[in-house]
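Trainee: So the chains spell out like this:
Number of protein chains: 2
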Amino acid sequence: MKPYAFGVDIGGTSIKIGLAKTSGWLFETRKIGTPIDLSAESFLLNISEVIKQRIHARGLHPDDFEGIGVGVPGPVDEKGVVHGCANLGWGEVDVKGIMERALGIPVQVGNDANVAALGEMWQGGGKGYANLVMVTLGTGVGGGVIINRHIVCGQYGSAGEIGHLHVSDDETEPCGCSNYGCLEQYASATGIVRTAARLLDAHPEANSILRQGTPLDAKLVCDSAREGDELALSVVEAAMDQLGKALAMISCVIDPEVYVIGGGVSLASDVLMPPLQRAYKRYAFPSSRDTAFKKATLGNQAGIIGAIKLTMPDAKENKEKIK
Amino acid sequence: MKPYAFGVDIGGTSIKIGLAKTSGWLFETRKIGTPIDLSAESFLLNISEVIKQRIHARGLHPDDFEGIGVGVPGPVDEKGVVHGCANLGWGEVDVKGIMERALGIPVQVGNDANVAALGEMWQGGGKGYANLVMVTLGTGVGGGVIINRHIVCGQYGSAGEIGHLHVSDDETEPCGCSNYGCLEQYASATGIVRTAARLLDAHPEANSILRQGTPLDAKLVCDSAREGDELALSVVEAAMDQLGKALAMISCVIDPEVYVIGGGVSLASDVLMPPLQRAYKRYAFPSSRDTAFKKATLGNQAGIIGAIKLTMPDAKENKEKIK
Numbered sequence: 001m002k003p004y005a006f007g008v009d010i011g012g013t014s015i016k017i018g019l020a021k022t023s024g025w026l027f028e029t030r031k032i033g034t035p036i037d038l039s040a041e042s043f044l045l046n047i048s049e050v051i052k053q054r055i056h057a058r059g060l061h062p063d064d065f066e067g068i069g070v071g072v073p074g075p076v077d078e079k080g081v082v083h084g085c086a087n088l089g090w091g092e093v094d095v096k097g098i099m100e101r102a103l104g105i106p107v108q109v110g111n112d113a114n115v116a117a118l119g120e121m122w123q124g125g126g127k128g129y130a131n132l133v134m135v136t137l138g139t140g141v142g143g144g145v146i147i148n149r150h151i152v153c154g155q156y157g158s159a160g161e162i163g164h165l166h167v168s169d170d171e172t173e174p175c176g177c178s179n180y181g182c183l184e185q186y187a188s189a190t191g192i193v194r195t196a197a198r199l200l201d202a203h204p205e206a207n208s209i210l211r212q213g214t215p216l217d218a219k220l221v222c223d224s225a226r227e228g229d230e231l232a233l234s235v236v237e238a239a240m241d242q243l244g245k246a247l248a249m250i251s252c253v254i255d256p257e258v259y260v261i262g263g264g265v266s267l268a269s270d271v272l273m274p275p276l277q278r279a280y281k282r283y284a285f286p287s288s289r290d291t292a293f294k295k296a297t298l299g300n301q302a303g304i305i306g307a308i309k310l311t312m313p314d315a316k317e318n319k320e321k322i323k
Numbered sequence: 001m002k003p004y005a006f007g008v009d010i011g012g013t014s015i016k017i018g019l020a021k022t023s024g025w026l027f028e029t030r031k032i033g034t035p036i037d038l039s040a041e042s043f044l045l046n047i048s049e050v051i052k053q054r055i056h057a058r059g060l061h062p063d064d065f066e067g068i069g070v071g072v073p074g075p076v077d078e079k080g081v082v083h084g085c086a087n088l089g090w091g092e093v094d095v096k097g098i099m100e101r102a103l104g105i106p107v108q109v110g111n112d113a114n115v116a117a118l119g120e121m122w123q124g125g126g127k128g129y130a131n132l133v134m135v136t137l138g139t140g141v142g143g144g145v146i147i148n149r150h151i152v153c154g155q156y157g158s159a160g161e162i163g164h165l166h167v168s169d170d171e172t173e174p175c176g177c178s179n180y181g182c183l184e185q186y187a188s189a190t191g192i193v194r195t196a197a198r199l200l201d202a203h204p205e206a207n208s209i210l211r212q213g214t215p216l217d218a219k220l221v222c223d224s225a226r227e228g229d230e231l232a233l234s235v236v237e238a239a240m241d242q243l244g245k246a247l248a249m250i251s252c253v254i255d256p257e258v259y260v261i262g263g264g265v266s267l268a269s270d271v272l273m274p275p276l277q278r279a280y281k282r283y284a285f286p287s288s289r290d291t292a293f294k295k296a297t298l299g300n301q302a303g304i305i306g307a308i309k310l311t312m313p314d315a316k317e318n319k320e321k322i323k
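Note that the protein sequences, when read in sequence, are chains A and B.
So in UniProt numbering, the last spot in the first sequence is 323, and the numbers never skip.
So in UniProt numbering, the last spot in the second sequence is 323, and the numbers never skip.
Rather than coming from a laboratory, the hints here were simulated on the basis of the structure.
Careful, some of the hints might be misleading.
[Said to hold, decoys possible] For lysine-lysine, the following PhoX-like pairs were computed, each having C-alpha atoms within a straight-line distance of at most 25 Å:
{"no.": "1", "chain 1": "B", "residue 1": "K79", "chain 2": "A", "residue 2": "K127"}
{"no.": "2", "chain 1": "B", "residue 1": "K219", "chain 2": "B", "residue 2": "K295"}
{"no.": "3", "chain 1": "A", "residue 1": "K31", "chain 2": "A", "residue 2": "K16"}
{"no.": "4", "chain 1": "A", "residue 1": "K79", "chain 2": "B", "residue 2": "K127"}
{"no.": "5", "chain 1": "A", "residue 1": "K52", "chain 2": "A", "residue 2": "K79"}
{"no.": "6", "chain 1": "A", "residue 1": "K31", "chain 2": "A", "residue 2": "K52"}
Please read all numbers here as calculations on a predicted model, not as lab measurements.
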């Protein structure tokens, strides 16, 4: 394996570019604002230009690089083509082709949630495991599925869309995806706030810190639950019941070794993990009840670290075989 | 690859042993009754004896064999050890070790539902696909998950236990697994009969062929639905709604290329497939709505054919890597 690799994590507001030894040492990270009003090609050529400058500034050469891994917020096929990124205003974009032509270094592309899962497997909460599901609890609920150390993309790039597992038949409001009763409607930051508002409305007699708090956000709900606020505890219990149910279903499909829980909401894991694991055990198929739960440990770095891992031979293997 | 392989499909009432060319031609199948009151070891030595006789009778030699694939009705780990088979009264049994010592031929072991999925991928309804989920609608609901042409076993051997996906929060009777609201409680032959009995009770005013039929079984329900019986149509619609919901959830996890539907109940696929595909589209994440649905075509042979496939290098690969 060659000694260096770049990892690029493209997000809606910023792009992070990391330079690492392929041994695993990330020794330089740059963050640039996500350009707006650029064509996808110019956008990617801009990133390529930054990479060229960093190679030059370090006195390195493209031949020193095993590859460049890129995480993008949209579905990616096994050829490195992205099929639409709502956040970036992209249609179909051949990320791999454009960047390889610009840089002369092999490029591997993955969906950002899947790439973050790979990062957590390599150096984070999932270290030592080969089969894991990463759950990202943020504004939405994202996921990444790793089987036998490889990302599972799925036919349409929608493997790991665990925020859209159907967990309730009774939902009357639509999810962002247009379906009703998706996990994301309950276990995301937005979902937790929505449940809190519903419970406050339904129980006008209930005293709760949540009535005084402004703004009513997921952090306030978790903080109040930590202080023993009963209504907040019910909100947390309801959210984790749905998440536990969803993870129990994932175990019926692929029976992973571990669930790695990350994302902003998971910062309150002291409050969330106990009801989550209780709910999981309640719904799980008997032989899968003891699946491990771990906290994600890489935070915002998971995307860059996973993107670096994406360049390595053992991560590429499955993709090549699939063709 | 060596020219011959055996496939063994161990079931609760019979054991099927197939002798094939590794090119894919199954040219001899024997069926023997499943012995009762034998230790697992004697049971497997009996099977090994039959295999030895067949090798001798054909004028062949153990060295002519690529391997022996064995499907068993229980969870199997990647070392070929079975962890309990309720139907056979087995605890932990080293099927691979026992048979390899007896025969001097490499043995590969898999769960019967997973092995059947592999068979359907190789020569059946899933031919030409690399990522598929097989659904077996019988007395229960079984499943097998194939990603990148390899069986997914899971940590505890419970990958593909799709009959135990939680699809209803309102169930009051327990499933065989002890949970409440499992897919199997609605979409299996037993589940279809249960729903029919419930609907007949709830609608005493409804005229239905099902009231006259004896016995009330899944075939009668499907036959009556085919003739336009309204109550039977509601039963079929309810069962396929739950199945479609469950498959939509599987797509959120692994997004397979195709669902292959088999098992006794699926003989009525003319009646079942249209409502199943409608329900699937209703629940599926938008980008996965066009996943293909195929009928299984190998019937009772899927287990033997998959067991033969299990011996081949491309099917073994993942198992070796995982160790």
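Trainee: Between K79 of chain A and K127 of chain B, is the straight-line Cα distance small enough, at 25 Å or below?
Mentor: holds (23 Å)
Trainee: Given the hint that K219 of chain B pairs with K295 of chain B, test it: the Cα-Cα distance must not exceed 25 Å.
Mentor: Holds: K219 of chain B and K295 of chain B sit about 17 Å apart, inside 25 Å.
Trainee: Need the status of pair K31 of chain A, K16 of chain A: alpha-carbon distance at most 25 Å?
Mentor: holds (4 Å)
Trainee: Regarding the pair K52 of chain A and K79 of chain A, is the alpha-carbon distance no greater than 25 Å?
Mentor: holds (23 Å)
Trainee: Holds or violated: are the alpha carbons of K79 of chain B and K127 of chain A at most 25 Å from each other?
Mentor: Since the Cα atoms of K79 of chain B and K127 of chain A sit roughly 23 Å apart, the hinted pair holds (cutoff 25 Å).
Trainee: Please work out if K31 of chain A and K52 of chain A have their alpha carbons no farther apart than 25 Å.
Mentor: Given that 25 Å is the threshold and the Cα spacing comes to 15 Å, the pair holds.
Every hint, counting from the list given before, is met by this structure.
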